[in-house]
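Model the placement of chain X on the given structure of chain Y, informed by the hints.
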Amino acid sequence: MKVPYISKILATCLLLAVPCLSMAAWNINFQPGNTLLADDIQQLHLIVMIVCVVIFVGVFGFMFYAIFKHRKSVGHKASNFHENTTVEIIWTVIPFFILAGLAWPATETLLAMRDTSSPDMTIKATGYQWMWGYEYLDEGIQFYSALSTPQGQIDGTEPKTENYLLEVDNPVVVPVGKRIRVLTTASDVLHAWYVPALAVKQDAVPGFIRDTWFKAEETGVFRGQCAELCGKQHGFMPIVVHVVSQEDYDAWVAEQKQKISGKELGAPIKLVADSQ
Amino acid sequence: MEAAHAHDDGHDHVPSGLMRYVTTTNHKDIGSMYLWFSFAMFLVGGVMALTIRAELFQPGLQLVRPEFFNTMTTLHGLIMVFGAIMPAFVGFANWQIPMMIGAPDMAFPRMNNWSFWLLPPAASLLVLSLFVPGGGPGAGWTLYAPLTVQQGMGMDLTIFAIHILGMSSIMGSINIVTTILNMRAPGMTLMKMPLFVWTWLITAYLLIAVMPVLAGAVTMTLTDRHFGTNFFNAAGGGDPVMFQHIFWFFGHPEVYIIAIPAFGVVSQILPAFSRKPLFGYASMVYATASIAILSFLVWAHHMYTVGMPVEAQLYYMFATMLIAVPTGVKVFNWVATMWKGSMTFETPMLFAIGFLFLFTLGGFTGLVLAVVPVDVQLHDTYYVVAHFHYVMVAGALYAAFGGVYFWLPKWIGKMYDERLGKIHFWLSIIFFNIAFFPQHFLGLAGMPRRIPDYSLQFADFNMVSTIGAFGFGMAQIFFLYILLKAIRSGEPAPAKPWDGADTLEWTHLPSPAPYHSFEDPPQIR
Numbered sequence: 001m002k003v004p005y006i007s008k009i010l011a012t013c014l015l016l017a018v019p020c021l022s023m024a025a026w027n028i029n030f031q032p033g034n035t036l037l038a039d040d041i042q043q044l045h046l047i048v049m050i051v052c053v054v055i056f057v058g059v060f061g062f063m064f065y066a067i068f069k070h071r072k073s074v075g076h077k078a079s080n081f082h083e084n085t086t087v088e089i090i091w092t093v094i095p096f097f098i099l100a101g102l103a104w105p106a107t108e109t110l111l112a113m114r115d116t117s118s119p120d121m122t123i124k125a126t127g128y129q130w131m132w133g134y135e136y137l138d139e140g141i142q143f144y145s146a147l148s149t150p151q152g153q154i155d156g157t158e159p160k161t162e163n164y165l166l167e168v169d170n171p172v173v174v175p176v177g178k179r180i181r182v183l184t185t186a187s188d189v190l191h192a193w194y195v196p197a198l199a200v201k202q203d204a205v206p207g208f209i210r211d212t213w214f215k216a217e218e219t220g221v222f223r224g225q226c227a228e229l230c231g232k233q234h235g236f237m238p239i240v241v242h243v244v245s246q247e248d249y250d251a252w253v254a255e256q257k258q259k260i261s262g263k264e265l266g267a268p269i270k271l272v273a274d275s276q
Numbered sequence: 277m278e279a280a281h282a283h284d285d286g287h288d289h290v291p292s293g294l295m296r297y298v299t300t301t302n303h304k305d306i307g308s309m310y311l312w313f314s315f316a317m318f319l320v321g322g323v324m325a326l327t328i329r330a331e332l333f334q335p336g337l338q339l340v341r342p343e344f345f346n347t348m349t350t351l352h353g354l355i356m357v358f359g360a361i362m363p364a365f366v367g368f369a370n371w372q373i374p375m376m377i378g379a380p381d382m383a384f385p386r387m388n389n390w391s392f393w394l395l396p397p398a399a400s401l402l403v404l405s406l407f408v409p410g411g412g413p414g415a416g417w418t419l420y421a422p423l424t425v426q427q428g429m430g431m432d433l434t435i436f437a438i439h440i441l442g443m444s445s446i447m448g449s450i451n452i453v454t455t456i457l458n459m460r461a462p463g464m465t466l467m468k469m470p471l472f473v474w475t476w477l478i479t480a481y482l483l484i485a486v487m488p489v490l491a492g493a494v495t496m497t498l499t500d501r502h503f504g505t506n507f508f509n510a511a512g513g514g515d516p517v518m519f520q521h522i523f524w525f526f527g528h529p530e531v532y533i534i535a536i537p538a539f540g541v542v543s544q545i546l547p548a549f550s551r552k553p554l555f556g557y558a559s560m561v562y563a564t565a566s567i568a569i570l571s572f573l574v575w576a577h578h579m580y581t582v583g584m585p586v587e588a589q590l591y592y593m594f595a596t597m598l599i600a601v602p603t604g605v606k607v608f609n610w611v612a613t614m615w616k617g618s619m620t621f622e623t624p625m626l627f628a629i630g631f632l633f634l635f636t637l638g639g640f641t642g643l644v645l646a647v648v649p650v651d652v653q654l655h656d657t658y659y660v661v662a663h664f665h666y667v668m669v670a671g672a673l674y675a676a677f678g679g680v681y682f683w684l685p686k687w688i689g690k691m692y693d694e695r696l697g698k699i700h701f702w703l704s705i706i707f708f709n710i711a712f713f714p715q716h717f718l719g720l721a722g723m724p725r726r727i728p729d730y731s732l733q734f735a736d737f738n739m740v741s742t743i744g745a746f747g748f749g750m751a752q753i754f755f756l757y758i759l760l761k762a763i764r765s766g767e768p769a770p771a772k773p774w775d776g777a778d779t780l781e782w783t784h785l786p787s788p789a790p791y792h793s794f795e796d797p798p799q800i801r
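The listed protein sequences derive, respectively, from chains Y and X. Using this note's numbering, count along the first sequence one by one with no gaps and you end on 276. Using this note's numbering, count along the second sequence one by one with no gaps and you end on 801.
Here chain Y stands alone, though its shape is the one from the complex (with noise of 0.2 Å):
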């Protein structure tokens, strides 16, 4: 009565693991970077991960060793030892050197990463309930940036596809290789501008500019979402970098700056014309 029961359950379990298996995406690490910061990080990462793990292995194979052979019912009878200065002082101290060692590979990366001096260019960011403003300080370039997916694959009525929920209708484009420095700010609540392969995360604050930067090794797309809860549609303001060659990055902008002068300088000239 009970096994078909349970070897039921275990049926349906099985059916339910199979197709999420063989779905792929089982990622249990960071995405690849594209900055040498990234690889720093995942680095460190790799680092304290080893400590822990080594830590872990000590601690619960002493854990688990007595578990297994000082129970009653292998019939170990009790010791009676409750203190003993020596090891206590030990692992006190122990713990302090590891700490110490990881902190050191820690404080360099940390100061590498939070050196923003002399960036090539720069790129400010502001955060709108529910969209990311883009200027380019040095080009003169400004547009805002949206979700592009469409309504209806959120809801469920049409297929969802590859970049669900991490495309929008105007990217960031950036040159390869160059040092990008991005200022954050927002408009109205906290914001954070969050790209994981490019190893940047940096709160946007309503009325305050922060700032951040990062130099792509490789050209592609990265995609990121905003990191701060900022409202009803907090998961529906993704952020997408264009990493292009030095020659696309050109035509780009040059491709903007037509924009800007065909709908804003084309204007006023106009209406000066007019006025005279």
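Heads up, a few of these hints could be off.
Claimed, not checked - Keeping only pairs whose Cα atoms sit at most 25 Å apart, straight-line, the calculated DSS-like set for lysine-lysine is:
#1 Y/215 x Y/178
#2 Y/72 x X/616
#3 X/616 x Y/77
Derived by calculation from the structure, the hints in this document are not laboratory data.
For chain X alone, kept in the frame of chain Y given last:
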């Protein structure tokens, strides 16, 4: 058994029925009310958690709208922290502290009654906020300004709820400190107190120190919302980040307010089932105190991405890593307590070991998050969600479960069903890990927290996590069944059902503990 007085129940004319509980000043009644209240809140918060997980089962919006989703994340956090976990440990404190130090009751019994009866109105305000115009609070349990300023009336109800909960916590803490410092039995010096009592003494000081800070933060939010102040509004000379500093000056000690009593419960259970005294009692006390003091000095490690000066980030990183030292001491001491013991594995012991194992995992991810450059990648992602659920659920909640199974025989005089208790443990630990372990991977891959919908790359682990969450939820309904079964038809419990238990409630009192215990203080050698 000489401290038990069978005739006591009669002579003070206790009202019966509901009025007994409304008017009670008895620490045992109040302790029970705290525990039942927290369990009810645990179920309410759990339903909210399952709403969140159900929506996240698949990409796309299926069940709830984003604004309601935000309300669920906010209220789930607030209710679990302030309504479930904190009152649960106050319940333990009420029941256990007087019995463990040989006192007849808490120092201020009437204030004790009021401390408890403030909780139901506060919880009602939180739940009511869902039904007022504008909906419940949707700014996250951290209530970051200026999003809080945009919210509807539900935010005001939340603010008042926090004020009331804060009053309750402060009064409860004053009661606990006074009881411990003044009402110990003769011979019970501070360094002879059971570790659970020590941890609550330290926790109570933390609460008294930081609850007013939280009250200040939410009051500033209230005046920013309605009275034209600009504490958190840059346009008026304020600073949104200041809210975060004030909030986390409360919030980080709060983490230890939840964790430290859990340490205390585990420090009672492990020696009892290892049949061996706690290893390094004195260093446990000092480590707990160090953790408490350090907890005031690390608050901005929750704020590595707000754009602090790099020097400040360095300081907070070093100080945060330092907490790993006393925490490590505690873990090592617990393992050393088990070492060369004569262990048995009844349900309380299983939960204590589950605590030790999974809390340490949460500690490791805490160390990962302490490292600023790594945290900048993981901040506000599911990695953080996984981290604090390992600490709060597998940490504090498991300790609370362990404590309930451990002391239930003393409280009700009946044993729970050991086989069912073990099933509860295994269901909890397996489903907990199915629910939360994949969230580490989601966070590493870059899934932000508090989003109602996500891109397709995160679909698989979210589905697994949701299955685990529902399993974990069902296991807790099973826990309720175990409790009711024990209360209705449990086997009678002996005065000391656990071989290695050696504190006063086991050695000096029968099971169930009489309504009034230790009217004549016991003599402590």
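Structure-based check of all given hints:
1. Y/215 x Y/178: 5 Å, holds
2. Y/72 x X/616: The hint holds at about 10 Å.
3. X/616 x Y/77: 8 Å, holds
Comparing the model with each earlier hint shows no violations; every hint is respected.
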